[in-house]
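From first to last, the protein sequence lines are chains A and B. Each residue of the first sequence is one higher than the one before, starting from 17 at the first, in the numbering used here. Each residue of the second sequence is one higher than the one before, starting from 7 at the first, in the numbering used here.
Some clues are possibly wrong.
[As the list claims (entries may be wrong)] In silico BS3-like links for lysine-lysine, alpha-carbon gap of 27 Å or less:
#	chain 1	residue 1	chain 2	residue 2
1	B	163	B	213
2	B	39	B	104
3	B	104	B	126
4	B	213	B	126
5	B	126	A	357
6	B	126	A	548
[What the hints assert, rightly or not] Per label pair, the in silico range of CB-to-CB distance:
#	chain 1	residue 1	chain 2	residue 2	range
7	B	44	A	556	28 to 36 Å
8	A	548	B	44	16 to 24 Å
9	B	240	A	198	17 to 25 Å
[Claimed, not checked] Sample of chain A residues with no beta-carbon within 10 Å of chain B, all distances over it, derived:
#	residue
10	28
11	138
12	162
13	195
14	251
15	321
16	359
17	429
18	513
To be clear, the hints were calculated from the coordinates, so they are not data collected in a lab. Glycine included, every Cβ here is placed at the ideal spot set by N, Cα and C.
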Amino acid sequence: MNTQTMERRQHYLNVSYGIKSWLFTTDHKRIAWLYLISITFFFFIGGLFATLIRLELLTPQGDLVQAETYNKLFTMHGVTMIFFFLIPSIPAVLGNFLVPMMIGARDLAFPRLNLASWYIFILGGLFTLTAAAAGGVDTGWTFYTPYSSIYSNTNVALTVMGIFTTGFSSILTGLNFVVTIHRMRAPGLTWFRLPLFIWAMYATSIIFILGTPVIAIALTLVAVERLFHLGIFDPAFGGDPVLFQHLFWFYSHPAVYIMILPAMGVESELITCFSRKRPFGYGFIAFSSVAIAVIGFLVWGHHMFVAGQSVHAGMVFSLLSMLVAIPSAIKVFNWTATLYKGSIALDAPMLYALGFIGLFTIGGLTGLFLATLAVDVHVHDTYFVIAHFHYIMVGGAVMGYLGGIHFWWPKMTGRTYPEPWARVAALIIFVGFNLTFFPQFVLGFLGMPRRYHVYPPEFQVLNVMSSAGASILAVGYILPLLYLIWSLRYGAIAGANPWRARGLEWETPSPPPTDNFEVTPIVTEGAYAYEKEPEEVYTFGEPARV
Amino acid sequence: MAVRLDALLYFLLAVAGFFATLICVLIVAFVIKYRRRSEDERPQPILGDLRLEIFWTVVPLGLTMIMFVWGARLFYITYHPPRDSLEINVVAKQWMWKVQHPEGRSEIDELHIPMARPIKLILTSQDVIHDFFVPAFRVKMDVLPGRYTTFWFEATKPGVYHLFCAQYCGTQHSGMVGRIVVMEPARYQTWLSGETAVISMASAGEKLFQRLACNTCHLESGAGRGPSLVGLFGKKVQLQSGQTVTADENYIRESILEPQAKITAGYPPIMPTFKGLVSEDGIMQIVAYIKSLTHEGTQAKK
Numbered sequence: 017m018n019t020q021t022m023e024r025r026q027h028y029l030n031v032s033y034g035i036k037s038w039l040f041t042t043d044h045k046r047i048a049w050l051y052l053i054s055i056t057f058f059f060f061i062g063g064l065f066a067t068l069i070r071l072e073l074l075t076p077q078g079d080l081v082q083a084e085t086y087n088k089l090f091t092m093h094g095v096t097m098i099f100f101f102l103i104p105s106i107p108a109v110l111g112n113f114l115v116p117m118m119i120g121a122r123d124l125a126f127p128r129l130n131l132a133s134w135y136i137f138i139l140g141g142l143f144t145l146t147a148a149a150a151g152g153v154d155t156g157w158t159f160y161t162p163y164s165s166i167y168s169n170t171n172v173a174l175t176v177m178g179i180f181t182t183g184f185s186s187i188l189t190g191l192n193f194v195v196t197i198h199r200m201r202a203p204g205l206t207w208f209r210l211p212l213f214i215w216a217m218y219a220t221s222i223i224f225i226l227g228t229p230v231i232a233i234a235l236t237l238v239a240v241e242r243l244f245h246l247g248i249f250d251p252a253f254g255g256d257p258v259l260f261q262h263l264f265w266f267y268s269h270p271a272v273y274i275m276i277l278p279a280m281g282v283e284s285e286l287i288t289c290f291s292r293k294r295p296f297g298y299g300f301i302a303f304s305s306v307a308i309a310v311i312g313f314l315v316w317g318h319h320m321f322v323a324g325q326s327v328h329a330g331m332v333f334s335l336l337s338m339l340v341a342i343p344s345a346i347k348v349f350n351w352t353a354t355l356y357k358g359s360i361a362l363d364a365p366m367l368y369a370l371g372f373i374g375l376f377t378i379g380g381l382t383g384l385f386l387a388t389l390a391v392d393v394h395v396h397d398t399y400f401v402i403a404h405f406h407y408i409m410v411g412g413a414v415m416g417y418l419g420g421i422h423f424w425w426p427k428m429t430g431r432t433y434p435e436p437w438a439r440v441a442a443l444i445i446f447v448g449f450n451l452t453f454f455p456q457f458v459l460g461f462l463g464m465p466r467r468y469h470v471y472p473p474e475f476q477v478l479n480v481m482s483s484a485g486a487s488i489l490a491v492g493y494i495l496p497l498l499y500l501i502w503s504l505r506y507g508a509i510a511g512a513n514p515w516r517a518r519g520l521e522w523e524t525p526s527p528p529p530t531d532n533f534e535v536t537p538i539v540t541e542g543a544y545a546y547e548k549e550p551e552e553v554y555t556f557g558e559p560a561r562v
Numbered sequence: 007m008a009v010r011l012d013a014l015l016y017f018l019l020a021v022a023g024f025f026a027t028l029i030c031v032l033i034v035a036f037v038i039k040y041r042r043r044s045e046d047e048r049p050q051p052i053l054g055d056l057r058l059e060i061f062w063t064v065v066p067l068g069l070t071m072i073m074f075v076w077g078a079r080l081f082y083i084t085y086h087p088p089r090d091s092l093e094i095n096v097v098a099k100q101w102m103w104k105v106q107h108p109e110g111r112s113e114i115d116e117l118h119i120p121m122a123r124p125i126k127l128i129l130t131s132q133d134v135i136h137d138f139f140v141p142a143f144r145v146k147m148d149v150l151p152g153r154y155t156t157f158w159f160e161a162t163k164p165g166v167y168h169l170f171c172a173q174y175c176g177t178q179h180s181g182m183v184g185r186i187v188v189m190e191p192a193r194y195q196t197w198l199s200g201e202t203a204v205i206s207m208a209s210a211g212e213k214l215f216q217r218l219a220c221n222t223c224h225l226e227s228g229a230g231r232g233p234s235l236v237g238l239f240g241k242k243v244q245l246q247s248g249q250t251v252t253a254d255e256n257y258i259r260e261s262i263l264e265p266q267a268k269i270t271a272g273y274p275p276i277m278p279t280f281k282g283l284v285s286e287d288g289i290m291q292i293v294a295y296i297k298s299l300t301h302e303g304t305q306a307k308k
């Protein structure tokens, strides 16, 4: 396809122009862009907070910022990254763009609801940004009571309102995906022919719908106790502080799976494409997603082994936490086995995918330390925990997100990104990430507690290593921002299927037309039929527009 | 305890190290061996292998069960102190640790203990949640407002160790640190008697008991308006509601602050609350006094 026909062909990007055509769009692909731009903004805000934290921790004394400021920085880093970047990242950007395309639909089931979700997300974001600008909040992203509900003098209520509001955007997106996946699959696209990304999105949506209301309730109760001094969590008013932790983690543990399951979905797409093979054990990968979503709801108490819950409750939660590790292990083994006798190309998305396996494996294995009761007693609330969840959420979820963005960038924009730069960036991120977070495992073993503004001098060497790694990581994150924007104008024209991938989204031009497909596709084969020609897998029936 | 925990830690490290290395080696080997040599390669599909799937489900499951049982055993021990433990009371507040020894000596942000003796800590907070963390002993426990939590440890070597607050508790969280000083038993005894005119916690509790006029109702004979407290501690108490509870530290604390919560069978619910009239430190002294009221000697000495 040359530039001339490219410019003439009408697609979702050039069908209309102007800010209104974007702000009032109901096209899932354009809404994906609205999310992409908003969460990128939040990512760099959260990154700025992280940078200040790492700078402060260069020395054992508190010399860059004051204790109160430091506490606000790690709180706002957590709140921004978790609620306004990680949770919406893959579902709202890649999920929005890809779910209808992958199942051969013209849009999501409820396009206007989809747009409403974005506005709700932005409203929640504005509340939280306002809270940050008006002095910030210092409770930690976990909002433990009674500190958050009574003792903190910062903008707790407004921040909590922001998270509460944003939750509705998650619920509506989840609802939209579930209905779409149930009702709008193309003819012949049975459940077991679905791409694994769709399975992952489905499992994530279930958690969105079932889990989010609980954190909404928990945070509302914090606000109620704070504003009206109603005794819910503070024992001084007859409340129970541990009750909050149960409510909070009932959502926030499954929320970890909201962040990692979509990345696992992306992973399955990347590994298969860049080894040109069907996934090893499709059914096991698909059902392990569902198993994670289900068991994930029963393990919240492993955050509370030393919180004063009964020893026996601790044992039950430890056992269940061990069980939730198994489906993750199954996935890792199956991805690795998929590489066996494949045809492996190391393009940038694949570098992210392989990095994901390594980092997620370390993150998962260190999770076992935390699930093991007596060991958790030692490393709980230390830097070991910080390192563990950054391996899962940054090493896992962010690597998956970036891999996915690179992989589908040609589809979203019609242009390719500069491959050499992308490979360099992927390597920089991998190295910088490990240098930042591996020393934190050691710090945790040695006993450095988390959320410490000043720390004993013997921990300094490891902290300096971590901060040095963070500066490398920052370069790695800024690079893609620059070259991806550059490629919007100067990237080579991509063509419909630059990776020679299988999947319905590659059977339509890049960028896709507004209705995704000119004619309704009919699917005759499971996903990932890399040994066959696309024509053997998909046929195109009567014109889609009636 | 720290030694036994470290054995488990090394086991976990070995398992984690093995699997992380295995996966990384496999990935690197596959990437090199099966690298794409021509753009038109089309590998044969391998759909899966049930035996392999079972193998890599069962092996991790077995290993995690070992971790679970091993970890749970040590965990259970940490929260079940031996009977002969030395009991020390700790009150946490933003941002300091207040320690009371049974013999009466108290200290702030420091805890002196004898080595080779089980130490049971009884902890509570005056405000938000804190956490008593001693990395060298591999123990930590949240310190909650409104109730007592306990755990125990035994130090094996004299020395000075870090005490950290591990649960975020506000502005000066990272300043809520202290020292654990482990001493030879003889030196600990000397240290205990170092301060002039200390009275034991139980005696201080007895004074409070009289000052708050508890003794006017809780007569030793049991003939008063409230039940006798002699020999109460550790016993089962029959409640008005038909339930029974064990009279432990948390029960006594609750009965002082919220007397209506659990009414002893056979007594009218007339006790007023002492909320606001007595500090957390004071309640701990009264609990120590009630513990000392045994049938054998009415009151144990010091």
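So, going through the hints one by one against the coordinates:
{"no.": "1", "hint": "163/B with 213/B", "in the structure": "violated, 37 Å"}
{"no.": "2", "hint": "39/B with 104/B", "in the structure": "violated, 64 Å"}
{"no.": "3", "hint": "104/B with 126/B", "in the structure": "holds, 15 Å"}
{"no.": "4", "hint": "213/B with 126/B", "in the structure": "holds, 25 Å"}
{"no.": "5", "hint": "126/B with 357/A", "in the structure": "violated, 59 Å"}
{"no.": "6", "hint": "126/B with 548/A", "in the structure": "violated, 69 Å"}
{"no.": "7", "hint": "44/B with 556/A: 28 to 36 Å", "in the structure": "holds, 30 Å"}
{"no.": "8", "hint": "548/A with 44/B: 16 to 24 Å", "in the structure": "holds, 18 Å"}
{"no.": "9", "hint": "240/B with 198/A: 17 to 25 Å", "in the structure": "violated, 59 Å"}
{"no.": "10", "hint": "28", "in the structure": "holds, 30 Å"}
{"no.": "11", "hint": "138", "in the structure": "holds, 30 Å"}
{"no.": "12", "hint": "162", "in the structure": "violated, 6 Å"}
{"no.": "13", "hint": "195", "in the structure": "holds, 31 Å"}
{"no.": "14", "hint": "251", "in the structure": "violated, 3 Å"}
{"no.": "15", "hint": "321", "in the structure": "violated, 7 Å"}
{"no.": "16", "hint": "359", "in the structure": "violated, 4 Å"}
{"no.": "17", "hint": "429", "in the structure": "holds, 23 Å"}
{"no.": "18", "hint": "513", "in the structure": "holds, 13 Å"}
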